[in-house]
Amino acid sequence: MTSMERVVAALQGTKTDRRAFTMTLSLYGAKLTGCPLTEYYTVPEKYLEGQIAVAEKCRPDIIFTPFALALEAQAFGSEIVFIPHDAPNVRKPFLRNLNDIDKIKLPDIEHDKSFLYIRTTSQLLADHFKGKVPICGVLTSPMDLPAIIMGVDGWLELLLFDRKKTATIISLMSEYFISMANSLFHSGINFLAMPMMFTNPHLVFEKTITDTVVPALADMFRQLKGPIVFHHGGNPLAEYLQHYQSLPNVGGFVLDPHDSFTEARKNVGENRLLLGNLDGPSLGKISPSRSIEKARKILDNRRGDKHFIFATSAADVAWDTPMETITGIYELMQQYGES
Amino acid sequence: MTNVEQTRMTLIDVILKGEREQANTLLDNYAASCSYRVAMNDILEPVLEQIGNMWAEESISLAQGYVAGKVSEDMLLKIFNEGINTAGIQPEKGPVVVGNIEDDYHSLGRKLVSVFLQSAGWKVFDLGNDVTAGEFVDKAVETGARIIGVSAMMYTTAQNIGKVRDELVRRKLSGRIQLAVGGAVFKIRPELAREVGGDGTASSCFKAPGLFEELWEKSLKEVPL
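Chains as they are written, first to last, in my numbering: chain A, 1 to 339; chain B, 1 to 225.
Only chain B is shown next, with the shape it has when bound in the complex (with noise of 0.2 Å):
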């Protein structure tokens, strides 16, 4: 077994027991050699992916994921601090706007989207809790990002991004921005993703940079730069 991947194992060990200062010191060990962006790159995402699998497969809890966020998170301040003192390791990606829909204050998954997407490399423009349909596509007009993320809990909140679909019919902007809808509500009701004018869903956060390269490739398709 390789050093990386040995890496890999053991921050997957850590996290999974919930030991965020460990898995700190872990990447902090790994990056000294190298780079917190190449930690990132190395590590952990492919550690994150791996969580994501046991995710899906409900062999986690809801704690272990919120963990494998924190230590993400704590990466990302990380890379972007290193990004100031090396003049700029930027994001690859995007970018790309998210929040919860309006009247939806409900923002756990919407916080561990934004972060999973930024630590694969996502330039995220995270609109918060409340947003209304023309916040969001202000916002996506405003930066030039072909996604839109919405994230709502309850079912009545859910219909609320149907008004962000209405938006970006009017603005004629369908097709170029790509809606993805997520959150509690559309795993009971699946079929509510279409309903509501969503391009896509994920089943869960870690899902979301997969979903995202997926609903950017489309934009990008039918209507190219």
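Only chain A is shown next, with the shape it has when bound in the complex (with noise of 0.2 Å):
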């Protein structure tokens, strides 16, 4: 089987030669081909250049564009920092007065740089990979955005106490959001992974949830042209699974490393599509033994869900994470055959 096939049997619930597997892998290809960072996020060529050795060298199958999230806080004029050994980060986020929101302005999506970079590496990985291997998209929730554009705090103050400075940026976010995804759709990717933060308990009051994030999600997903992944962002998210159950277009769940799947096989029923848990930004303080133990005991737990992929949560694969530990959890999964 291919890549893309055993991806879309997990979706299916239909039978494989081996379990599915990925690992967020996108820093990682820096390193494989020893390409420095401020060109690895910068130049789309560069970029598929270390996607490839990641193919070759780690068969994941799935493979991922740019987790660069501050890039699209940059074309709205936030200020990034490239950072040794990891992806670039937010330096300044563009608006410190929130009076002044009316000067966030959409960037041209067309041409702006970060965009640009986005989008051709997403037409770049997908016209490589032609479909044997699918090309998982990166983006900023739109609702997370905000807090890159105008910093945790302003964003938080505005949810809470702001009802119409809110909608404004919605409805902002929301143009911007359907454009892109869109075009990342129209470029080839197969899905689109989202962490999700603004949208858990865990940040916010589960009312700002029901009233005002849910409803600016469904508005947003029912207009694009693929799938959505929906990933913890960083928070555990079995137990509220049930509030995005709903949602139009998500294929599936991105777990947190802390969370049970047993306890989101209950929210969510049998069919979703769940991934992760293995703690992908630990992976370089561990030894490749232990993280293939680790992998073992989640293989072991999801043994006969038919609707499940190996992946690793949270954040990129650490950079000093050892090659061992990747291409053990490769051999892992030829051990775990038909699922």
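Below, in silico cross-link-like pairs of lysine-lysine (PhoX-like), each with a Cα-Cα straight-line distance of 20 Å or less:
hint: 1; chain 1: B; residue 1: 218; chain 2: B; residue 2: 207
hint: 2; chain 1: A; residue 1: 113; chain 2: A; residue 2: 46
hint: 3; chain 1: B; residue 1: 139; chain 2: B; residue 2: 163
hint: 4; chain 1: A; residue 1: 207; chain 2: B; residue 2: 17
hint: 5; chain 1: A; residue 1: 285; chain 2: B; residue 2: 187
hint: 6; chain 1: B; residue 1: 207; chain 2: B; residue 2: 187
hint: 7; chain 1: A; residue 1: 165; chain 2: B; residue 2: 70
hint: 8; chain 1: B; residue 1: 70; chain 2: A; residue 2: 207
hint: 9; chain 1: B; residue 1: 139; chain 2: B; residue 2: 172
hint: 10; chain 1: B; residue 1: 123; chain 2: B; residue 2: 218
To list a few chain A residues with every Cβ distance to chain B over 12 Å, as calculated:
hint: 11; residue: 13
hint: 12; residue: 45
hint: 13; residue: 107
Honestly, the hints are just simulated from the structure, not real lab data. The beta-carbon is built from N, C-alpha and C at its ideal position, and this holds for glycine as well.
Given two chains presented individually in distinct reference frames, assemble the corresponding complex, making use of the accompanying hints.
Written out as structure tokens, the structure reads:
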């Protein structure tokens, strides 16, 4: 089977030759090719080279477009910083005064350099892997993007205490997100993963989620031309899945490393796709044998679950993750034959 | 249950529900029979301590913590106005200096630390974002502060905190001026606090008043008044 067939089978719940798996190896591609990160995250061809190396050496069943959410904030005017051995981060949010929200303008989606990089990279990956390996686009959730444009405190302040300005921002984010996401689908990505933070009761009140966040997301998601993978965004998700069950176009959920799959299944039923939950960023701190043992436990737990893809959770797999960990996990998948 | 205990319980409940106006009304009603400073001491401070414990247990959300900060901020403004009208109730502790380190613009944690310190009676000079080592130490010397509290969100900016330590050493102020460090990166990498020369750190903004008490004591022991 090809990776594409394996992933589609997990979505449909049909038999596969082995368990489909992926690791978030967006950053790791730069390590494999020795590419400076300032080039890797600005030159689409360099990113493609990195992901070709990932495909050859790590053989995941899903390849990711750049996991570099700060690039979107940059397009909205925030300053970013390149960090050694990590994806770029936001150095300085664009907006410091909430009275100035009118200054937030929709960037030119066709020509802005950050968007051009993300879209061109998606196109190159889709062309290269030509339907054999699914390409997962990565974008910031439209409900989180304001936090990297105006700071977490600014966005919280609006969400909690200023409905009018919140509506203005959501409207702008919606316009951006629908255009950008659909342009990525047009470029050839197969689905879109989004870490979701201001959607989670660990960050905001449940009433904010039910009254504001979920209705806004539902409106946006139904206008998309492809499926979404709802990523836990660094917080436990399993116990809250009922909030997101009815969101249109959501193909699956990536769980947090601390989540229970049993609890998640109880909340979403047996037929929704679940992914995760090996902690990717921690793989650089533990030995290959320990990482593989953790992976084995997850696989044992999910034995017989036809709608499950083994994956890393949280952010990118850490730069200093030993190659033996990654190859060891690939080899482990061969032991978990037909699912 | 006493009236004070009942008021505290109700206040926790409304803060955790995000009802900022109800929380303010509750405190206004209590303060009507005494003062806002007394309401702060009797009601809000113990409530913040309890909410801080809930934060440490990860049983409340960021938004709930934020609302607690906003209610505290509202109270501080009322205490300030009350102080003007009654010719001055001054903060009892401090002064201390806080800010985000050079090149750091992620202000949520620092703002909450500043509010919770003031709620606990500290006089705080909040220098804002992107503060250089020299600016921190100059302000501490100018105001007689014995603690500088420095916040950083990312590993790269946290490393700039080392410059504050260097500046304290260069001016022979280590010991007298204690360096408190905090921010998201210190939760992920606790060893970083020592690496950048910090004298102490707290796991959350709610725990900052306790840390500052300890560091103030330490400063007085090392360099008495």
